[in-house]
Amino acid sequence: MSGLGAAFAEAWRLLAGLDPQLIQIVALSLQVSLTAVVVASAIGLPLGALIAVERFPGRPTLIVLLNALMGLPPVVVGLLVYLLLSRAGPLGSLGILFTPSAMIIAQTVLIVPIVAALARQTLEDAWCEYEEQLRSLGAARHTAALTLIWDTRFSLVTILLAGFGRAAAEVGAVMIVGGNIDGVTRVMTTAIALETSKGDLPLALGLGIVLIGLVVALNAAASLVKEVAARRYG
Amino acid sequence: MLPLVLEEVSFVANGRRILDHITVEIAAGPRTVILGPNGAGKSVLMRICHGLVRPSAGRVRWLGRNGVGRQAMVFQRPVMLRRSALANIVYGLKLAGVHRRERELRGRDVLEAVGLEACAEQPARLLSGGEQQRLALARAWALGPEVLFLDEPTANLDPRATREVESIIGQIRASGTKIVMTTHNLGQARRLGDEILFMDGGRIVERAMVERFFRQPVTGEAAAFIRGELPWN
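Quick mapping for you: the protein sequence lines, in order, are chains Y and B.
Here the numbering used here is used: the first residue of the first sequence is 1, the next is one more, and so on.
Here the numbering used here is used: the first residue of the second sequence is 1, the next is one more, and so on.
Source of the hints: derived by calculation from the structure; they are not laboratory data.
We treat Cβ as the ideally placed atom computed from N, Cα and C, and that holds for glycine.
Treat each hint with caution, since some may be false.
[What the hints assert, rightly or not] Selected chain B positions facing chain Y (in silico; Cβ < 8 Å):
1. His99
2. Cys119
3. Gly176
[What the hints assert, rightly or not] In silico DMTMM-like cross-links for lysine to aspartate or glutamate, where the CA-CA straight-line distance does not exceed 25 Å:
4. B:Lys94 / Y:Glu54
5. B:Lys94 / B:Glu121
6. Y:Lys226 / B:Glu121
7. B:Lys94 / Y:Glu129
8. B:Lys94 / B:Glu112
9. B:Lys94 / Y:Glu131
10. B:Lys94 / Y:Glu124
Same shape as in the complex, but just chain Y (with noise of 0.2 Å):
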């Protein structure tokens, strides 16, 4: 029990001062996931408002392939970017494995079908109370789409927010296509991992204490961005 409170008390001077390894790791963390979070809502938000406007065959398994892919183990997802990108690979010749570029595109990889799925069924709900007003307007679907995505933006916001919890926290997928190299590839999660197994725990700690205070500050942003703008635009 003393070594945890050592533990702690090592957290919060780390955490106080600065340290600058823990800053290079948490920074590294924001840049890959927020980058990733950026990317896959390039892709997701139109896919899912694309499913969620469009009629189709084979729409209902999309959808289904879409929520299952939701839970896409990280460490899977590592091992498939990294035989992408490893040298033997298709994308070998990009020489971008154990890079923060090979681990942007696993965590996109990871969030997209998070991104895509819940903004589907976001989109499709405001779609049924829209479509006819748009239709009668003479909104074509794409512009239909783009406007379901504007009208629901606070929605969405939260919906980012989750794709932002889950590639910020998961280690599977950086671990494998990064390799945790230190001042190169080492993120909050997998320093986290490696200290711990070290035994160097206040280092581990303080990283989970910015980690869990990151994803409480970000959700209560969400909240109060959700909440002004309801407030607002009703």
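Got chain Y; can you put chain B on it based on the hints?
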């Protein structure tokens, strides 16, 4: 684009026949009120006329000017986008291909015409039910439609908001737009209609000018409907 001609139009959903071989011509000029009890098929008929729903059988044809022209529709429950009142009108004008500089001018004009000029910058979804319906009318009116379809436009409104909406419908009519409206309210049909299409059970049972329809309904269904209405309507 008028007249609008429906030939043998039927609509079947989930094995239920909602419209049953409807043949009718709707011409320019008189305000047409589609009257009938709930479930008669009024709303579906109107959606088929407007092109939102495809009939299961039969044909819908606009005979005038090769079918070219603008039509608009206002629904029982207005659907407002999460943006300002003015932006809701501008959105419709943009989809209609109106030039950017003209959109806001026209938007402000129609807002003034429906008495909402003070609400231009307010979020549309925070307006009252009556105001939202007036905004929906403004959005449709701004398009300068040749035909305006109104589906029970006052069914959710209180008497005062109903009066305001009816007065705006009068203005739109005066600006040269053909009005086609559904209602189950006899008073409203009398006030706003020139001719009545009386529907029951998915068929047009009787068609007559308003005055004749109420004085001397020909069919038993129409007579029963007129008698059955509660006195305070």
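Each hint tested on the structure:
no., hint, verdict
1, His99, "violated, 16 Å"
2, Cys119, "violated, 13 Å"
3, Gly176, "violated, 20 Å"
4, B:Lys94 / Y:Glu54, "holds, 22 Å"
5, B:Lys94 / B:Glu121, "holds, 18 Å"
6, Y:Lys226 / B:Glu121, "holds, 20 Å"
7, B:Lys94 / Y:Glu129, "holds, 21 Å"
8, B:Lys94 / B:Glu112, "holds, 19 Å"
9, B:Lys94 / Y:Glu131, "holds, 17 Å"
10, B:Lys94 / Y:Glu124, "holds, 24 Å"
Hints 1, 2 and 3, counting from the list given before, are not met by this structure.
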